[in-house]
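Residue numbers (the working numbering), protein chains in the order written: chain B, 1 to 297; chain G, 1 to 166.
FYI, nobody ran anything at the bench for these hints, they're computed from the structure.
This structure is a prediction, so every number in the text was calculated from the model and none was measured.
Heads up, some of the hints might be wrong.
With the Cβ distance kept under 10 angstroms, some of the chain B side facing chain G (calculated, not the full set) [as the list claims (entries may be wrong)]:
hint: 1; residue: GLY33
hint: 2; residue: LEU41
hint: 3; residue: ARG56
Here are a few chain B residues that sit away from chain G, every Cβ distance over 10 angstroms (derived from the structure) [as the list claims (entries may be wrong)]:
hint: 4; residue: ALA7
hint: 5; residue: VAL63
hint: 6; residue: GLN105
hint: 7; residue: ASP174
hint: 8; residue: ASN190
hint: 9; residue: GLU254
Cβ pair distances, simulated, as ranges [what the hints assert, rightly or not]:
hint: 10; chain 1: B; residue 1: SER25; chain 2: G; residue 2: GLY78; range: 40 to 50 angstroms
hint: 11; chain 1: G; residue 1: CYS49; chain 2: B; residue 2: ARG211; range: 16 to 26 angstroms
hint: 12; chain 1: G; residue 1: GLY147; chain 2: B; residue 2: ILE261; range: 20 to 30 angstroms
hint: 13; chain 1: G; residue 1: GLN107; chain 2: B; residue 2: ALA228; range: 46 to 56 angstroms
hint: 14; chain 1: B; residue 1: PRO177; chain 2: G; residue 2: CYS108; range: 40 to 50 angstroms
Cβ atoms here follow ideal geometry from the backbone N, Cα and C, with glycine treated the same way.
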Amino acid sequence: MKPRAFAYHAPASVPEALALLAEHSHDAKVLAGGQSLVPLLNFRMSAPEHLIDVNRLPGLDTVVREAGGWRIPALVRQRTVERSLELAAAFPLLPAALAQVAHPQIRNRGTVCGSVAHGDPAAELPTVLTALGATMHVASTRGVRAVPADDFFLFHFTTALEPDELLVGVTLADLPPGTATGFAEFATRNGDFALAAVAGVVHRDDDGVVRSARLVAAGVAGTPVRLAAAEAALVGSALTPAALVAAQHAARGEVDPSGDIHAPGAYRKQLVGVLTRRVLTGLTRQGGVARAGEHGR
Amino acid sequence: MPENTVGEDTHRITTTVNGVTQESVVDSRLSLADFLRHRLRLTGTHVGCEHGVCGACTVHLDGAAVRSCLMFAVQADGHTVDTVEGLANGDELSPLQESFARHHALQCGFCTSGFLMSAAEALREGPVDTPERAREVLSGNLCRCTGYAGLVSAVVEASDGGEGRG
Ligand SMILES: Cc1cc2nc3c(=O)[nH]c(=O)nc-3n(C[C@H](O)[C@H](O)[C@H](O)COP(=O)(O)OP(=O)(O)OC[C@H]3O[C@@H](n4cnc5c(N)ncnc54)[C@H](O)[C@@H]3O)c2cc1C
Ligand code: FES
Ligand code: FES
C-alpha cells in the first residue's frame with residue numbers, strides 16, 4: 001500500500017515549521033521518526049495534504065542538562081535516550097521502559113516526542129513520563145505553552161496539542177534523594193505494545209516511610225491512568241508486604257479496561273494488580289533509601 | 001507505483017548508496033524501499049508489510065538499522081544508505097553471510113536481507129554471543145520459513161568469530 005500524494009515540506013528552522021503549521025494546520029501532519037505516522041499513511045488511515053518533516057530542524061537532537069533537570073527536544077531519538085548514561089543515571093525508568101518499545105530498528109528513528117504526540121494509550125513513554133511528572137513544551141505562531149503530563153493526554157491518540165502546534169520538547173525535573181522508580185510490563189512477544197504496564201515513582205523519607213507515590217498504568221484506558229487508590233495505599237507505609245498487597249488490590253480495583261482481540265478486560269485488570277506489585281517489590285529490592293538516593297542529582 | 005519524476009511535488013536528492021553517489025528526482029511519497037528497488041535496482045532490500053513489522057526492508061541509514069518502508073526517499077537526501085548488496089566484498093561473502101549459509105539460516109530468502117542488516121548493526125555494536133542475546137537481536141524481523149534456530153546459531157557464530165562486518 002502506498003500513501004496518498006502529499007506536499008512535502010522540510011523546514012530548516014522552528015519559526016519556519018510553525019509558520020507552515022499555522023498555514024496548513026488541519027491539512028498537515030508533522031513527520032518526526034515516522035514510525036507511527038508512516039504506517040498510518042501507507043494504510044491510508046491518515047491522508048494529510050501536507051507533511052511537515054521536522055527532521056532537518058537544527059539543534060533538537062540531543063538531550064540538554066538544564067537547571068534542576070533535563071530537556072528532551074523534539075528530534076531526540078528513542079535510541080539516543082536509551083544509550084544516554086547520564087539520563088539513565090537520573091531516570092532509570094527511561095531505559096527500562098525503552099527496552100520494551102518495539103525494536104532497535106524502530107527506536108533508531110522513533111523520537112520520544114513523537115511517541116508523546118501520538119498518544120497511544122498502550123505506549124510506554126507517555127506512561128513513564130506521566131509517572132515522572134514531565135512537562136510538555138508546545139509551540140505555535142501563537143506562542144509557547146507548558147502542559148503538565150497529567151493534563152496532556154486526553155483520549156486514545158488525542159492529546160492537548162492543537163493542529164498548528166509543535167511539541168518542541170519534554171522536560172523532566174531531577175528526582176529528589178530518596179526516590180525509587182520501577183517499571184513492569186506484560187506483552188505477548190518481545191517488542192509488542194503492552195497488554196498492560198505500570199510505572200512507579202516512590203519517594204521515601206530517611207525512615208523508609210513513603211511520603212509520596214506516583215503509579216501510572218498503560219494499556220488499560222484511553223490515556224495513561226494514575227492509580228490514585230494504590231498511591232494512597234502506599235503513602236505512610238514502609239513498603240511492607242501488607243502495604244504491597246493493599247496497593248495491588250487497590251490498583252486492580254480502580255481500573256476498568258475493555259477487552260480486545262489481544263486480551264479480555266478482566267485479564268488486563270488482573271495484570272495491573274500483579275504489575276503494580278512487581279514494581280513495588282522491585283523498589284524494596286533497590287536497597288531502600290540509600291540506593292534510591294542515587295536517582296537524585 | 002509512484003515512479004514518475006514529473007508532477008507537482010518532486011524533489012532532487014543526493015544520496016550515497018553503498019558508497020556510490022546517486023543524484024535522483026523523486027516524488028514526495030516514494031518510499032526509501034521503493035527508491036532502492038525500483039530506481040536503483042537494488043532489489044536485495046525486500047518489501048513485506050510496509051508498516052514496520054516484518055523487517056524485510058531493513059537498511060542502514062548513516063550506519064543505523066532502519067525500516068526503509070517507513071521513510072521517504074526525499075528524507076534520505078544528504079544521507080548515506082547501505083543495503084544488503086554492500087555487505088559482501090565482491091564475490092567474497094561477509095563472515096555473517098557465510099555463517100548464515102553454513103547454519104541454513106534461510107530457506108526462501110525473502111526475509112534474509114533484513115535479518116542480515118539487523119544483525120550486522122547489532123554485531124558492530126557489541127558481542128551477540130549467547131542464544132538469548134541473539135533472539136533479542138533477531139526479534140525485530142520475521143521469517144515465515146526456516147524457524148529461527150539456524151538464525152540464532154548463525155549470529156552467535158558470527159559473533160564468536162569476532163566479526164560482523166556491516
Ligand atoms: C513495528 C512497530 C512496533 C512498535 N512498537 C511500539 C511499542 O511497543 N511501544 C510504543 O510505545 N511504540 C511502539 N511503536 C511506535 C514507535 O514508538 C513510534 O516511534 C512512536 O510512537 C512515534 O514516534 P515518531 O517519532 O516515529 O513519530 P511519527 O510517527 O513521526 O509521528 C507520530 C504522530 O505524532 C505527531 N508528531 C510527531 N512529532 C511531533 C512533534 N514534535 N510535535 C507535534 N506532533 C508530532 C505526528 O504528526 C503523528 O501524528 C512501534 C512502531 C512500529 C513500527
Ligand atoms: S516492509 Fe518494512 S518492515 Fe515490513
Ligand atoms: S527464509 Fe523464507 S521468510 Fe525467512
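Hint-by-hint comparison with the structure:
Against a cut-off of 10 angstroms between C-beta atoms, the interface hint on GLY33 of chain B holds, since the closest Cβ of chain G lies about 8 angstroms away. Among the interface hints, the one on LEU41 of chain B holds; its C-beta lies about 8 angstroms from the nearest C-beta in chain G, closer than the 10 angstroms criterion. Checking ARG56 of chain B against chain G: minimum C-beta separation of about 9 angstroms stays under 10 angstroms; hint holds. Distance to chain G contradicts ALA7 of chain B as a non-interface residue, since its nearest Cβ pair spans about 5 angstroms, not more than 10 angstroms.
Distance to chain G confirms VAL63 of chain B as a non-interface residue, since its nearest Cβ pair spans about 17 angstroms, more than 10 angstroms. Not every Cβ of chain G is farther than 10 angstroms from the Cβ of GLN105 of chain B; the closest lies at roughly 5 angstroms, contradicting the non-interface assignment. Non-interface call for ASP174 of chain B relative to chain G: holds, since the shortest CB-CB distance, roughly 29 angstroms, exceeds 10 angstroms. With a cut of 10 angstroms on Cβ distances, ASN190 of chain B falls inside the contact zone with chain G, its closest approach being about 4 angstroms.
Every CB of chain G lies more than 10 angstroms from the CB of GLU254 of chain B, the least distance being 33 angstroms, so the non-interface label holds. Checked against the hint of 40 to 50 angstroms, the pair SER25 of chain B and GLY78 of chain G fails, with Cβ atoms roughly 28 angstroms apart. For CYS49 of chain G paired with ARG211 of chain B, a C-beta distance near 48 angstroms fails the hint of 16 to 26 angstroms. Taken as a hint, the range 20 to 30 angstroms holds for the pair GLY147 of chain G and ILE261 of chain B, whose Cβ atoms sit roughly 25 angstroms apart.
A beta carbon spacing of about 53 angstroms between GLN107 of chain G and ALA228 of chain B agrees with the range 46 to 56 angstroms that was offered as a hint. Between PRO177 of chain B and CYS108 of chain G the Cβ separation comes to about 57 angstroms, which falls outside the hinted range of 40 to 50 angstroms.
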